[in-house]
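J.: As a plain string of letters, each chain reads:
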Amino acid sequence: MKILVPVKRVADPDNANKVKVSADGARVTSEGLEWKLNPFDEYAVEAALRLNENGASGEKLGEVIIVSLGPDEVQTTIRQPLAMGADRGIHVKADDAELDSTVVAKVLAALVAQEKPDLVLMGKQAVDGDSNTAGQVLAELLGWPMATFAMAIETADGGKTLTIGREVDTGVLTLKVTPPAVVTVDLRIVAPGSVRNGVTPDAHKYGEGARYASLKGIMAAKKKAIDVRTLADLGVTDGAVVTYTKFERPPARTGSVRFVESAQELVQRLKTEAKVL
Amino acid sequence: MLAFPQGSRYQLNGDSFSGGRRRGPRPRKAPLVAFHPYTEEHELFRKQVRAFAEKELAPHAEEWERDELFPNWVFKRAGELGILGAHYPESAGGSGGDNWFSIAKSEELVKCGSAGVTMGLLVQSDMATPCIAELGTKDQIAEFLEPALRGEKIAALGVSEPGAGSDVAGLRTTARVDGDDYVINGSKTYITNGTRADFVTLLCKTDPDAGHHGISILLVPTNAKGFSVSKKLSKMGNWASDTAELFFDNVRVPKRNLLGQEGMGFIYLMQNFQSERLVGSSSAIAGAFLALDRSLDWGRERMAFGKPLIKREVWQHKLAELYTKCEAAKALVYKSADAFNHDRYVTQGDVSFETTKLIAMSKLFVGDVASEVADQVVQFHGGMGYLEELWVSRYFRDQRLFRIGGGTSEVMKYMIAKLSGW
Ligand SMILES: Cc1cc2nc3c(=O)[nH]c(=O)nc-3n(C[C@H](O)[C@H](O)[C@H](O)COP(=O)(O)OP(=O)(O)OC[C@H]3O[C@@H](n4cnc5c(N)ncnc54)[C@H](O)[C@@H]3O)c2cc1C
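If you read the protein sequences in the order shown, they are chains A and B. Note that this note's numbering has the first sequence beginning at 1, numbered continuously upward. Note that this note's numbering has the second sequence beginning at 278, numbered continuously upward.
One thing to keep in mind: the hints can contain errors.
What follows is a list of derived Cβ distance ranges for each label pair [to be verified]:
1) A:Ala225 to B:Ser368: 26 to 32 Å
2) B:Lys508 to A:Val21: 55 to 61 Å
3) A:Val228 to B:Glu687: 53 to 59 Å
4) A:Asp12 to B:Arg453: 54 to 60 Å
5) B:Thr601 to A:Ala240: 41 to 47 Å
6) B:Asp652 to A:Lys246: 45 to 51 Å
7) B:Asp652 to A:Gly171: 50 to 56 Å
8) A:Glu73 to B:Ala605: 27 to 33 Å
Since the hints were derived computationally from the structure, they do not count as laboratory data. Note that the structure is a prediction, hence the values are computed from the model and not measured. Ideal Cβ placement from N, Cα and C applies to all residues, glycine included.
Please build the complete structure, drawing on both the sequences and the hints.
T.: Structural data, given as structure tokens:
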């Protein structure tokens, strides 16, 4: 299978207290932040690699292409999946400020037209904006079937059909999808047995979580190609549809932990003191 | 041997960092001088080590501390990820990286939250093994080093003895030639990884009358007859690491297990100590920074007399001092690390006296700074700093080792004086 995996860099949540709002409230500043691969995108990369390999022998069964949009530094973000085992990358140059889910989806649609992948496998959302929309917009633009929140993917015929388990409130909803398709993944997609491709023996044990890039992989990634495109190259010139009017920090935490005697007292205090009811 | 084209650390504003002459004209507006030893590959590697430490090790830290042993799979997994052999040449089973990979690794491993685990891994990668890469024959590399870097064979360094610690030359373990073998008798103590090591990089006297010049290094498989672990030692800290007393009762190893030349062991060890002290220092100072950062989080939340502790000027000043000392210590460690990398990886020679002195200074200074940090973070946490519930008391007892293990602070001062020619 040929799989396209879009990835985004996000501010490392461990540095959360370095996230600042500019004085005029116009934007969240990114200076001094450490970046990391959006965790859900990392899971998508892992799922793509598992779909396209014999996990026991390491034999490759298809191509995994990584795409990221952003300034030049996102090439570092692309190197990580390449070091994990993906085959090549595409960097679409853009300012972070120019992007929203719609622009991203249009760019991906243009790349899909060029690359003709069988599957676009992506994180269900980025943990910075938490929009959870890019995959859905992309499927709409392409007119492709879509499965969101995938926690299991199974195929037995080289990817001609996919059986996808989706995590929903009441349990797991199983869909059969005929590619090409857009699939967004949830955390559990990286559980040891979540991805079955009919080639990796069932007895093969994957680790919990996304694989690490070994140093050998890191060295090899250096030599893998990253194509650079611009928004204009891909004919995406309309600009973002979402505009932000103002950012502000949530009010500083003031409260201390207090114990209450009864549910009645709790409700009372939530009404009169916390004013949240 | 290294092929990292981008971001060479020997460039400083276009100058050669290693003292060469300025090539171009001085830039009009000098940019902030920045010392960047790390390329994109180092940074990616660093993130992977951090993820390994935080996700695969840290969740077990409490359990392993209680068990006074971390499991063997940790070596295996670290080997698989290329963490142990990152800075070894490919010909020795490594990945061909420079020494900054090792520094980055030592800094990130502390995030596992158990200094014992970090120490066990560093013994494997930087203390018991560097001399094998340096001096080993093809067979020795295949039998000992390669499986050690894969994490399949666990390595220990056997130097200290009940009667000889700082005074290495006073060691009494002997190895005498008998036919095609050496026959080893004696004991070693304080040996990290000692209860489960597959081999010991062993210092012993092959000529008991020749002082320094009678010392040699043998590679000793622990399944050899006559080898035993006489005792597992209980310690103040670093609980997750096993420390053992080893006993050698007519242990036979073939002559081909001699590392390098007979009688050169002391000199080899002095070289080997340098990587040990260097990663020990980089790891310890990273641990001190981590302790301060974690304390800040506490200080923001902990209220006293109506204000968070961090808003008290007394603590602001104390933390300002401690961060300053840590930065200074780290700068010294990085200077040593650069000198070491230059000696060993760029010119590929021995560690120079000048570098040895810098490393001794690093270990000495880091030891003092880390101890002060440890003492003050306990104070900052008050009663919580004294309880076992929090990381603080563990950090306090663990870091204390650094002024003793790998050569005491007094020995570092002795070396600085001696290398200065006083
Ligand atoms: C947890 C742990 C793990 C260890 N792991 C290993 C290991 O894996 N392999 C290994 O070989 N060793 C290991 N060691 C041993 C360690 O390297 C020694 O403890 C250290 O070198 C000090 O030696 P010693 O304990 O014999 O102290 P001593 O040499 O007896 O020193 C006692 C005190 O006297 C001081 N002193 C000694 N000589 C002088 C002098 N000339 N002038 C002034 N003061 C002096 C010392 O600085 C120290 O304060 C480990 C130790 C510990 C505690």
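J.: Next step is simple, just say for each hint if it's right about the structure.
T.: Going down the list of hints, with the structure as the test:
| no. | hint | result |
| --- | --- | --- |
| 1 | A:Ala225 to B:Ser368: 26 to 32 Å | 29 Å, holds |
| 2 | B:Lys508 to A:Val21: 55 to 61 Å | 59 Å, holds |
| 3 | A:Val228 to B:Glu687: 53 to 59 Å | 57 Å, holds |
| 4 | A:Asp12 to B:Arg453: 54 to 60 Å | 58 Å, holds |
| 5 | B:Thr601 to A:Ala240: 41 to 47 Å | 44 Å, holds |
| 6 | B:Asp652 to A:Lys246: 45 to 51 Å | 46 Å, holds |
| 7 | B:Asp652 to A:Gly171: 50 to 56 Å | 54 Å, holds |
| 8 | A:Glu73 to B:Ala605: 27 to 33 Å | 30 Å, holds |
Hint violations for this structure: none, all hints satisfied.
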